[in-house]
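**Q** So the sequences go chain by chain: A and B. 8 is the number of the first residue of the first sequence in my numbering; add one for each residue after it. 8 is the number of the first residue of the second sequence in my numbering; add one for each residue after it.
Each hint should be verified, as a subset may be incorrect.
[To be verified] Dumping the calculated EDC-like pairs for lysine to aspartate or glutamate here, alpha-carbon to alpha-carbon at most 16 Å: (1) B:156 / A:45; (2) A:156 / B:95; (3) A:134 / B:15; (4) B:134 / B:31; (5) B:156 / A:69; (6) A:156 / B:114; (7) B:156 / A:133; (8) B:156 / A:90; (9) A:156 / A:95; (10) B:134 / B:95; (11) A:156 / B:31.
Simulated from the structure, these hints should not be mistaken for lab results.
Number of protein chains: 2
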Amino acid sequence: MAEVVFREARRDDVPSIVTLLADDGLGATRETVREDVDADYWCAFDAIDGDPRNALIVVDRDGEMVGTMQLTFIPSLSRRGAERMQIEAVRVRGDLRGAGIGRQMMEWAVGQARQRGCRLVQLTTDKQRAEAHRFYARLGFVASHEGMKLTL
Amino acid sequence: MAEVVFREARRDDVPSIVTLLADDGLGATRETVREDVDADYWCAFDAIDGDPRNALIVVDRDGEMVGTMQLTFIPSLSRRGAERMQIEAVRVRGDLRGAGIGRQMMEWAVGQARQRGCRLVQLTTDKQRAEAHRFYARLGFVASHEGMKLTL
């Protein structure tokens, strides 16, 4: 398997990341990809990029973007003052799913959490994605919580 | 009903907040309250207090702390570059549960999210807290996601 490389996203990655986010049964209904990506996407990138507790990660293989995810580090008084890592917006390129890239991404993310001293890694996954739950369970995640959302 | 007042936590609120977090069937197994609150709690407070995307909220009534919650604002490329509010570590003082304080806290938090232009409010709640799911569902939250946790 070709090696995957993890790096922080650059500003010029934004259109490709948005394309990846939309390349998904659920995401396609939520993202619009235009040649000139909307101003809101650029603002969001700048906010993430300038925040030491947020990292937008890009996964490259053979010079092509094959995956993305966002890591957020949340300081907390819960669990004896532990910082937690939250993983959001995980996507692997549609034609490459099932090839182990997602697993490598999660193992890398959990490694980052350990290095930083986080005591918890958390994520939510849509209940419609049954295969995703099995994937995360195999990695040791426990579906102990209800993930509740209120759209404004 | 006496009026509740919302404010950001001060450093000298930390021992009371940790006591509130522990005042709970699940939290009691996770938090230790000592006269000199552990260094990790103070570090966590300073991290939250110094972060413009985190707010530790205290709810007072008649000059007494009756509730707490943490708000985290997460910038994201998902959902067209929307910022989301995440609510964690929600607690109402044990002897005051069921008196409407939790509802006022959530309504206040959602109001803050709207003012800030967030397009999503999210939280996870332990599957053992069935009454909490019903509470959030009555407020409009949809249990659309699995909340998965990996303890390190």
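**Q** Run the distance test for residue 156 of chain B versus residue 90 of chain A: straight-line Cα separation, threshold 16 Å.
**A** 13 Å, holds
**Q** Mind checking the alpha carbons of residue 156 of chain B and residue 133 of chain A for me, to see if they're no more than 16 Å apart?
**A** 14 Å, holds
**Q** Decide if the proposed pair is consistent with the structure: residue 156 of chain A and residue 95 of chain A, CA atoms, cutoff 16 Å inclusive.
**A** This hinted pair holds, its Cα atoms lying about 14 Å apart.
**Q** Take a quick look at whether residue 156 of chain B and residue 69 of chain A sit within 16 Å of each other, Cα to Cα.
**A** Not OK: residue 156 of chain B and residue 69 of chain A at ~32 Å, beyond 16 Å, violated.
**Q** Under the criterion that the straight-line Cα-Cα distance not exceed 16 Å, is the pair residue 156 of chain B, residue 45 of chain A satisfied?
**A** Violated - the C-alpha atoms of residue 45 of chain A and residue 156 of chain B are around 33 Å apart, more than 16 Å.
**Q** What's the verdict on residue 156 of chain A and residue 31 of chain B, does the C-alpha distance respect the 16 Å limit or exceed it?
**A** 24 Å, violated
**Q** Checking one constraint from the list: CA of residue 156 of chain A to CA of residue 95 of chain B, max 16 Å. Satisfied?
**A** 13 Å, holds
**Q** Can the restraint linking residue 156 of chain A and residue 114 of chain B be considered satisfied, given a maximum Cα separation of 16 Å?
**A** Cα-Cα ~14 Å, so holds.
**Q** Given the hint that residue 134 of chain B pairs with residue 31 of chain B, test it: the Cα-Cα distance must not exceed 16 Å.
**A** It holds: about 15 Å lies between the C-alpha atoms, which stays within 16 Å.
**Q** Can you confirm whether the C-alpha distance between residue 134 of chain B and residue 95 of chain B stays at or below 16 Å?
**A** Roughly 15 Å separates the two Cα atoms, so the pair holds.
**Q** Are the Cα atoms of residue 134 of chain A and residue 15 of chain B separated by 16 Å or less?
**A** Answer violated: residue 134 of chain A to residue 15 of chain B is near 34 Å, above 16 Å.
Of the numbered hints stated above, those contradicted by the structure are hints 1, 3, 5, 11, listed in ascending order.
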